[in-house]
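Below, each chain spelled out in residue letters.
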Amino acid sequence: MPDMAMTLVEKILARSCGREKVVPDEIVDLNVDLAMTHDALGAHTAAKFEQLGAENVWDPSKVVVILDHYVPNKDVDTAKKCQNIRRFVQKYGIQHYYEVGRGGICHQVLLENGHVLPGMVVVGTDSHTTTAGAAGAFAAGIGVDEMAVVLKSGKVWERVPNTILVEIDGTLAFPLSSKDLILWILSKLGVSGALFATIQFTGTTVSHLSVDSRITLTNMAIEAGATNGIIEPDEKTLDYLKNATGEIPNCVHGDPDAHFARRISINTEDIKEPLVAAPPSPANVVPVGRVEGTHIDQAFVGSCTNGRLEDLQIAERIIRGRRVHSDTRLIVIPASQRIYEAACEQGLLASFVRAGAAVSTPTCGPCMESHMGVLGPGEVSIATSNRNFPGRAGDPTSEIYLASPATVAASAVEGQITNPKRFLGK
Amino acid sequence: MKGKAWKFGDNISTDLICPGRLFHLRSNLPELAKHVLEDADPDFASKMNRGDFVVGGRNFGLGSSREHAPTIIRLAGASAVVASSFARIFFRNCINVGLPAIELDTSGIEQGDELEADPEAGVLKNLTKGTRMNFAPLPSVMRKILDDGGLAEHIKKRGDFELAD
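Line by line, the protein sequences are chains D and Z.
First residue of the first sequence? That's 4 in my numbering, and the numbers climb one at a time after it.
First residue of the second sequence? That's 6 in my numbering, and the numbers climb one at a time after it.
These aren't lab readings, by the way, just hints derived from the structure by calculation.
Be careful, since some hints might not be right.
Straight-line distance between alpha carbons at most 25 Å, and here's what the computed PhoX-like set of lysine-lysine pairs gives [claimed, not checked]: (1) Z:K12 to D:K155; (2) Z:K130 to D:K158; (3) D:K155 to Z:K162; (4) Z:K161 to D:K94; (5) D:K158 to Z:K134.
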């Protein structure tokens, strides 16, 4: 009798390919439950789809199309791409389409609108599709050609990942946040430490985190090279999804005796101060004290990593009643329209504006270099986003430090990289 | 396939291969291909010859899901990418755009070495050094996709992808 125990991801994949058991490294043919594309790659996907000679999208109810990367459009090229996407959505009857001003950043939109449910297989033409694992789904990025095939057939091949279990215990109090936690984990794993693997986050710290905070963990799983990141659904997940869908979904759980390729124990007490990923990689992590005083030209609070309401609330607590430093500019971008609305109602955006920040409508914005907030030669930025490879957000000689919303807001006020602890209780 | 090795280091990201600032060229791939890997080696596209190999270290192609990255390596004329390990999405995209991806320890390969690869046999010869390395041949689904010239051609020809041998 073979060992039938499976991890959460193995269970999801086994169900999806109609098998009783799957094992790491085998190649399986998955039935996709949810497919997502956006304006950066959607027009290419649509063109590829038509080149395949497909007549229909396999299931228009399982496809979500969201405009987020270059919106509102910045030039004729991106405007044309969005036109092509709209034509595609209409022609094939895609049922879930988020226009500019109605959605936001794709990964946030998928979760807050209840498109992602526990146990699903989710694919998207975006490497940060891993984000959706916060709802207990298997969610991974794929390329355009593969997405065209998914749209035609609903199928995708996958190499079953082995699972790295990251067990996190201890409290996480201000100024520390889940961003510091994932940077700490990345410093342990490195940028290739989880290649072709799942990172499953668990432990008492994770249980105590809000779903919004957990999303930051699965979002950056890709930065360790992981196929996906995942968190077992619990009461908080169910509340979140009930809020999004009006229903309590069914859950899939891993077997208690499942085999993990590796276990990593993290105690949050070892994280003594906020962390920063210095250039040139998200795993090049140092305590903020090591880079304190570094001049910054730009600070950015937003992105699929840290553009949620609680992120804006933390940043606003630090900014309120202060000014962005005269040598620095601060850009604040809520991750979705819903967050934008809540931040308006709570007066957060007014606070940022009064402090001298540029506040934008939801978009990926300065996370990559091609839309807004692009960095010039030699400029230095501190951002709540997820990548700091050379050239990621502007000129190849510009530099990006990645940090939590608290650290970024404190740095914006001081005009240099700053430990937000100083702002405690003020 | 036979050609010269162009050696790059570990963690060559898709931003280095195909920077986002050239987004506007994504609808003009031959032009985009003139910029391939330029943030890692500014003159690479003009120096390399058709048939040459792009050789990386660990985690080649990490970063975004843009398949323009392997597409422009193929369009520039590289016969394959050889690396000690690949980032997952980049690896998938290589196969899907018809660019062979060979995974083996590249620490012994130096800039300018003459290489000869036989992907079916899983053998890479370093003609300059007189060495021979084996690598695991690709699973059959990926071999078929490559043989057909990429995923789009594969699907057009067969209707669906074929996992079975």
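The hints, checked one at a time:
1. Z:K12 to D:K155: violated (38 Å)
2. Z:K130 to D:K158: At roughly 37 Å apart (the allowed maximum being 25 Å), K158 (chain D) and K130 (chain Z) break the hint.
3. D:K155 to Z:K162: holds (14 Å)
4. Z:K161 to D:K94: Measuring from Cα to Cα gives roughly 21 Å; hence the hint holds.
5. D:K158 to Z:K134: violated (44 Å)
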